[in-house]
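Protein sequence lines correspond, in order, to chains U and C. Here the working numbering = 1-based position in the first sequence + 6. Here the working numbering = 1-based position in the second sequence + 9.
If you are wondering where the hints come from, they were derived from the structure by calculation, not from laboratory data. There's no promise every hint is true.
Under 10 Å between C-beta atoms, here's a sample of chain C residues computed to sit facing chain U [to be verified]:
1. 23
2. 41
3. 44
4. 50
5. 62
6. 65
Glycine included, every Cβ here is placed at the ideal spot set by N, Cα and C.
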Amino acid sequence: MDDSELMYRTAAGDQRAFRELVERYQRPIYNFFFRSTASREDAEDLTQKLFLNLYKSSGRYRKRSSFKTYIYKIASNLAISFARKNKNRTVIPFDQEEESGNISEELPYGRDPVLDIQASELEGSLKAALVKLPPDLSSAIDLRVRKGFAYREIAEIMGKSISAVESMIFRARKILLVELKEVLDQRDS
Amino acid sequence: MECKECHKLISREIDGEISEDDSKKLETHLNQCKECGRLRASLAVISEVHKGLGKVEPPPTLLEGIMSRIREEDDLSKLGLRAKLAVSAAAVFVMLAGAGVGNFLADRSGSGVNPAADDIFQVEHFANYPPGSTGQLIAALTEGGEYEQE
Chain U
7 MDDSELMYRT AAGDQRAFRE LVERYQRPIY NFFFRSTASR EDAEDLTQKL
57 FLNLYKSSGR YRKRSSFKTY IYKIASNLAI SFARKNKNRT VIPFDQEEES
107 GNISEELPYG RDPVLDIQAS ELEGSLKAAL VKLPPDLSSA IDLRVRKGFA
157 YREIAEIMGK SISAVESMIF RARKILLVEL KEVLDQRDS
Chain C
10 MECKECHKLI SREIDGEISE DDSKKLETHL NQCKECGRLR ASLAVISEVH
60 KGLGKVEPPP TLLEGIMSRI REEDDLSKLG LRAKLAVSAA AVFVMLAGAG
110 VGNFLADRSG SGVNPAADDI FQVEHFANYP PGSTGQLIAA LTEGGEYEQE
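Here chain C stands alone, though its shape is the one from the complex (with noise of 0.2 Å):
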């Protein structure tokens, strides 16, 4: 065995990790070589020391510290979801005004009346609107009026 090889072995050796085929080998290896001999030695007095070293005891505020943060995570992400549900509901919102103005345009220009911009939005206009239209259904909403589907 090359010296090369011993010292991957001296490591796994160290680490407990070496079979046992590998751990003669290496021991027939460091039988004849003092300089891989020593490098075990140094390295097994890195990893006692290594191994033990002093611990250090965290703050004794962390364990507060983390589960405030947690609890404001939580916060946050009930605040997240009722925002989002806030723009879903004004996503439909817009979307049902916009069908509704789309309808009343289109029934105006098929009645052929053609009010002031500020008769518009008189509910008695809507009364002019042909039988069946949404301006009636306004007009029969808002009025008590009648309203005929075509």
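This is chain U alone, in the form it adopts within the complex (with noise of 0.2 Å):
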């Protein structure tokens, strides 16, 4: 059954169909909120909020793009509205002994010693940029990089024109160059 499909269900009060929803979307939606807040109980609590807000709202949702772009517009309104109040709160690094799947083990400079500190120094560098991107820049990085969203995609998701989207996600990569300059040039070197 697809996504609209046990949304409407969901809206006539089947609650079996809803579950199969969260079960459906609550890891990519965790991940997604993870990568903005670099923290689980606030990934979590996210997480949480945008299913309760799914299932109130479920009566007046209807079928006018794919459900993945529905989902993931109320995400990303969460996930800049939680940036923006929590602005000046210190970020704590990630947490990463529990990640699965690092680059270092999927690029194949990844069985040499040096080259695999180097890429696991370029994540580190690279989790904690993204954590400090402005909240609309880092969803909007995060949906086409992480998500595979096309910038249409994106640009509905957050509701600005495809050139903004364009220019956002420019923007987002200019930051993080900046940022991982010394880690990428000492690779480089």
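Hints are included, so try docking the two chains, each in its own frame, into the full complex.
As structure tokens, then:
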């Protein structure tokens, strides 16, 4: 059964349909929030909040675009609003030990110990730099690079024009490049 | 093409959002500009590392936590509906009671009867009201008396 059908069933009071939606999306949504907050606790709270909002608004859901776009629209709004409310919060570094599929295992240079260290350093610096990005830029680049949305879809999710999305992603990359310059230079030398 | 324009095209190229024409222009520029070439390499690495960042597993209790909050939400909605119904019923009761008291006072002032306050709530008292009045109706209903409609 497709996601939209599950939403219509949820609106009709079918809690099992909603449970199926939560099972399908809890992992990617939790990761989306974790990448922008760097906190498991905040990611969990925001994920719960998102699904509660989704449930409450199920009666108003109409299939205009894909359900995936719809759910990430709510996620992006929540992430941006959370970041704005907590802009003075001290960011605690990522808890890395439980993450799976790290880049050092996936890239061909992963077997060289020196390159492994450099890759790991790059990952660490990138994670820290991503958390420091302005919330809208962080959402835009995450939706593109990790979630694979096209610019047109990101524009719909974020309520922006395609050229604004293109510009946000480019600005995010420029900031990341400045933050990672030192690590990248070490890697190239 | 200027380097500034080239940088934006590099970002679009990495995202697979570049047109064929722009792609050709970009390649032409990159063949002549080493600085932009280095920038492209760096941005491509960042994007690859970003894409490959590990995924974290949500806590195993998350699903049940969400479903439990959903059930609470449903219970609250039902409770809210009951409260709304109770308030509506109370409002109707107050309106009817108000109308009854209004009629009663109007009857009393029209009949010239001016009983002591203690008598007002005695059922026998209503028999003194004129035919067709609310007082007579109450007397008829409670005592089995006659009620003539005017």
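Hint check:
At about 8 Å, the closest approach between the beta carbon of residue 23 (chain C) and any beta carbon in chain U falls short of 10 Å, and the interface hint on this residue holds. Interface hint at residue 41 (chain C): violated, since its Cβ lies 21 Å from the closest Cβ of chain U, which is beyond the 10 Å cut-off. The closest approach between the C-beta of residue 44 (chain C) and any C-beta of chain U is roughly 13 Å, which is over the 10 Å cut-off, so the hint fails. Interface restraint check: residue 50 (chain C) against chain U, minimum CB-CB distance 8 Å, threshold 10 Å, status holds.
Interface restraint check: residue 62 (chain C) against chain U, minimum CB-CB distance 7 Å, threshold 10 Å, status holds. A cut of 10 Å between beta carbons decides the hint on residue 65 (chain C): the least distance to chain U is about 5 Å, and the hint holds.
Going through the hint list in order, the structure does not satisfy hints 2, 3.
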